[in-house]
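Colleague: Using the hints provided, position chain V relative to the given structure of chain P.
2 protein chains.
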Amino acid sequence: MALIVQKYGGTSVANPERIKAVVSRVAKYKRDGHDVVVVVSAMSGETNKLISLAEEMMPHPDNRELDVIVSSGEQVTSGLTALGLINEGFKAKSYAGHQIKIKTDKAYSKARILKIDDEKIHDDLKNDYVVVVAGFQGVDNDGNITTLGRGGSDTTAVALAAALKADECQIYTDVDGIYTTDPRVVADARKLKSITFEEMLELASLGSKVLQTRSVECAGKFKVKLRVLSSFETDGEGTIITFEEDEKMENPVISGIAFNRDEAEVNILGVPDTPGIAYQILGPVADANIDVDMIIQNIGQDGATDFTFTVHKRDLKKTLDILNNQVKDHIKAREILSDENIAKLSIVGVGMRSHAGVASKMFRTLSEEGINISTISTSEIKISIILEEKALDAAVKSLHKAFELDKNISI
Amino acid sequence: MALIVQKYGGTSVANPERIKAVVSRVAKYKRDGHDVVVVVSAMSGETNKLISLAEEMMPHPDNRELDVIVSSGEQVTSGLTALGLINEGFKAKSYAGHQIKIKTDKAYSKARILKIDDEKIHDDLKNDYVVVVAGFQGVDNDGNITTLGRGGSDTTAVALAAALKADECQIYTDVDGIYTTDPRVVADARKLKSITFEEMLELASLGSKVLQTRSVECAGKFKVKLRVLSSFETDGEGTIITFEEDEKMENPVISGIAFNRDEAEVNILGVPDTPGIAYQILGPVADANIDVDMIIQNIGQDGATDFTFTVHKRDLKKTLDILNNQVKDHIKAREILSDENIAKLSIVGVGMRSHAGVASKMFRTLSEEGINISTISTSEIKISIILEEKALDAAVKSLHKAFELDKNISI
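Sequence order for the protein chains is P and V. Mapping to our numbering: the first sequence position 39 is 39, numbers consecutive. If you want our numbering, it's the 1-based position in the second sequence plus 1000.
If you are wondering where the hints come from, they were derived from the structure by calculation, not from laboratory data. Hints may contain errors.
Said to hold, decoys possible - Straight-line distance between alpha carbons at most 16 Å, and here's what the computed EDC-like set of lysine to aspartate or glutamate pairs gives:
| no. | chain 1 | residue 1 | chain 2 | residue 2 |
| --- | --- | --- | --- | --- |
| 1 | V | LYS1101 | P | ASP142 |
| 2 | V | LYS1120 | P | ASP142 |
| 3 | P | LYS103 | P | ASP117 |
| 4 | P | LYS115 | P | ASP128 |
| 5 | P | LYS101 | P | ASP117 |
| 6 | P | LYS49 | V | GLU1046 |
| 7 | V | LYS1110 | V | GLU1388 |
| 8 | P | LYS101 | V | ASP1124 |
| 9 | P | LYS191 | P | GLU404 |
| 10 | V | LYS1091 | V | GLU1055 |
| 11 | P | LYS30 | P | ASP117 |
| 12 | V | LYS1165 | V | ASP1105 |
| 13 | P | LYS20 | V | ASP1287 |
| 14 | P | LYS101 | P | ASP123 |
| 15 | P | LYS401 | P | GLU56 |
| 16 | V | LYS1103 | V | ASP1124 |
| 17 | P | LYS317 | P | GLU340 |
| 18 | V | LYS1049 | P | GLU46 |
| 19 | V | LYS1101 | V | ASP1128 |
| 20 | V | LYS1020 | P | GLU56 |
| 21 | V | LYS1020 | P | ASP142 |
| 22 | P | LYS120 | V | ASP1142 |
| 23 | P | LYS20 | V | GLU1055 |
Here chain P stands alone, though its shape is the one from the complex (with noise of 0.2 Å):
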């Protein structure tokens, strides 16, 4: 008998019938002797709907009405995932946030789960519920409704396991599990059986959409066991997010192709290269509660240098806004350009820690392509570039064959 937490996303529980499918699920293991937990999200193209209704009271809404909009979402969900479960004859109790206090910091949209009170939950499993939480959702100190921001069910979903000490955290989605790449993009893209932590991270930051990042760090940081699965499947193992790199029986060079097409860059030029300048630009932009994604800067010149990072589109005119008012004067920059028609591309594998050559072979593959790299920066596991969006599919195409991960074997 093991204690499973149990996450579904928003096109799982789009409507009755897709609702009632995750019953028949929580039903299996239930039967099967299994304690559960489930997170879900709300229906999907439902968030979009409220925040439609929310632009249309207030063009950029106020973060705390619009938290307070959007997380009636899952509240619906809870409450209706619930109900087919009592129809079903199982005891079951719906929970918003709130109500088993999922403690989160004041951030608006973008919150940080500080503490979940695991004791009324195990009160109820002990007593035989199924509980349902409804993702996405806490509570600051003060009794605000707060969101844990876009794919926050995930991170609702692992923060919990971690608090109740859950055997294993699923999360159900519409893939039924981690591939290559993108395969809309790249036919050949093969499921990974196991990824490690690590690269899943790399992956997850860099637009795999399957799972938010925080949800993995989480898991990382509590060693709670990850499994990303189909919804629409009844059986399929998914892909196990593992801890240790030698419980993976293959390991290739590198396990996947990330991209991203949501970002756009932003370019500082002719910066005094003095200590403490990234921190005078990025400071301000953090204290927005804007994401930064890659940072660039390259040794500096005749003094000045230039810096580069990229943010979510939709946070550029904001970035820009506090960069020409509050930053260029100060640090004495000379000027500032953005680019929205970029994407960026990464490979992950943590066999490059081992492999020398992954960097050349990348960018020969591209340059046989004729694309152009505007901006590199690497980790120990993972190359990423910037490179033109339109040549985006052709470099994840030529990368994917170059590095055969459409085939099954090590290198």
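Modeller: Same frame as chain P, but now just chain V:
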């Protein structure tokens, strides 16, 4: 400078455009220097949509989960209204029931307010906020979400007005006041400038559908000045509900005619005429949280009597189940009958107290129309009858004319 609680019903907040009209009205009061607390219902149609979803999951939804689901509607409207106010440059903050601790009992779907924590709201008002409260919902001592039943937002508004000691509680709806009867049935129906609490109570409970009975009871109990207005008119005084009869310049014999097609009649025949019999019949019905309206018992003959009461049509099946399974044999009743094709009609007026002959005039008028009365029940300021549903319209029209309700005169 006054403190005004304004409540807007579902049609007044049906879409962002309508909510903007609400914002304009609130803005007017703020600019005039008043403090405003706004209570909102769900957008019209939303509650029914949510109930349908719940019924798709479970034909007779569990009440705890149903409350979780339907309470989301008001939460959305409260956030949207706050956004609209912020967008117009006001400080505004929304609150769900659990945030300002609208504490209720545990009667899901029919909860009663026990206590409101007014401190948070007073603090916000002091800091010049417009406070927007999600109507219809509360929270029990264990943090479970409860709802107050249909029309519960009126009760939220009145309870808030009482707790905050507001100067006036304005109920905005899609009608511009209280009428002598339903204008859809009688074209000559006339708007009343004022009405007493007693009359309003009788009219509301009898189906005028403008104000929830409990809200009027609560207003009367805590001496809240209550006004019913149209949210679709920019001026108009609406109808004020007064404490004292002599505040009214004119005092017609009857103020209005209410009617109701929603009830079903239950007859328990051949009941032993012994003490405690009414409790033995109605106790189990009340325990099932079924509201009973009219109760009629005539004097018995040969040690047996007949007992009649009415319930909402939707509760009829459940009521009959209870009577047949738990009550009938126990009290040795001969037979239990029911009729759904009935209507209730009531004439109401404080003037009735000092005028003889109201009842006889009523019965004469109906007799001249050839309308048969099956059951009669009276109070000091009201005479209620049950008649065949198909005779209802003719009955209302003839009585409206007979009591000269189309003319603004005292008799």
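Colleague: It remains to establish, for every hint, whether it holds in the given structure.
Modeller: Now the hints, each set against the structure:
Taking the CA atoms of LYS1101(V) and ASP142(P), the gap is about 12 Å. The hint holds against a cut of 16 Å. Taken as a hint, the LYS1120(V) and ASP142(P) pair is honoured in the structure, with Cα atoms around 10 Å apart against an allowance of 16 Å. Proposed proximity of LYS103(P) and ASP117(P) is supported: the alpha carbons are some 8 Å apart, at most 16 Å. Pair hint LYS115(P) plus ASP128(P) does not hold up; C-alpha atoms about 24 Å apart against a cutoff of 16 Å.
The hinted pair formed by LYS101(P) and ASP117(P) meets the criterion: a straight-line CA distance of about 6 Å does not exceed 16 Å. Under the criterion of a C-alpha separation no larger than 16 Å, the hint pairing LYS49(P) with GLU1046(V) is consistent with the structure, at around 13 Å. The suggested pairing of LYS1110(V) with GLU1388(V) is violated, with an alpha-carbon distance near 30 Å, which exceeds 16 Å. Using a Cα cut-off of 16 Å, the hinted pair LYS101(P) and ASP1124(V) is violated, with the two alpha carbons roughly 24 Å apart.
Only pairs whose Cα atoms come within 16 Å are accepted, and LYS191(P) paired with GLU404(P) is accepted, the gap being roughly 13 Å. As the CA atoms of LYS1091(V) and GLU1055(V) are separated by approximately 39 Å, the hinted pair breaks the 16 Å bound. The suggested pairing of LYS30(P) with ASP117(P) is violated, with an alpha-carbon distance near 23 Å, which exceeds 16 Å. Between LYS1165(V) and ASP1105(V) the CA atoms are separated by roughly 23 Å; this puts the pair beyond 16 Å, and the hint is violated.
Note on LYS20(P) and ASP1287(V): the hinted pairing is violated, with a Cα-Cα distance of about 32 Å set against a maximum of 16 Å. For the suggested pair LYS101(P) and ASP123(P), the alpha carbons sit about 15 Å apart, so the restraint of at most 16 Å is met. Under the criterion of a C-alpha separation no larger than 16 Å, the hint pairing LYS401(P) with GLU56(P) is inconsistent with the structure, at around 46 Å. At roughly 20 Å between alpha-carbon atoms, LYS1103(V) and ASP1124(V) are farther apart than 16 Å, so this suggested pair is violated.
Only pairs whose Cα atoms come within 16 Å are accepted, and LYS317(P) paired with GLU340(P) is accepted, the gap being roughly 11 Å. Of the pairs offered as hints, the one joining LYS1049(V) and GLU46(P) holds, with about 13 Å between alpha carbons and a cut-off of 16 Å not exceeded. Only pairs whose Cα atoms come within 16 Å are accepted, and LYS1101(V) paired with ASP1128(V) is rejected, the gap being roughly 21 Å. Taking the CA atoms of LYS1020(V) and GLU56(P), the gap is near 10 Å; set against the 16 Å cutoff, the hint holds.
Between LYS1020(V) and ASP142(P), the direct Cα distance comes to roughly 29 Å. Violation of the 16 Å bound is thereby established for this hinted pair. Note on LYS120(P) and ASP1142(V): the hinted pairing holds, with a Cα-Cα distance of about 10 Å set against a maximum of 16 Å. Distance hint between LYS20(P) and GLU1055(V) is fulfilled; the C-alpha atoms sit about 13 Å from each other, no more than 16 Å.
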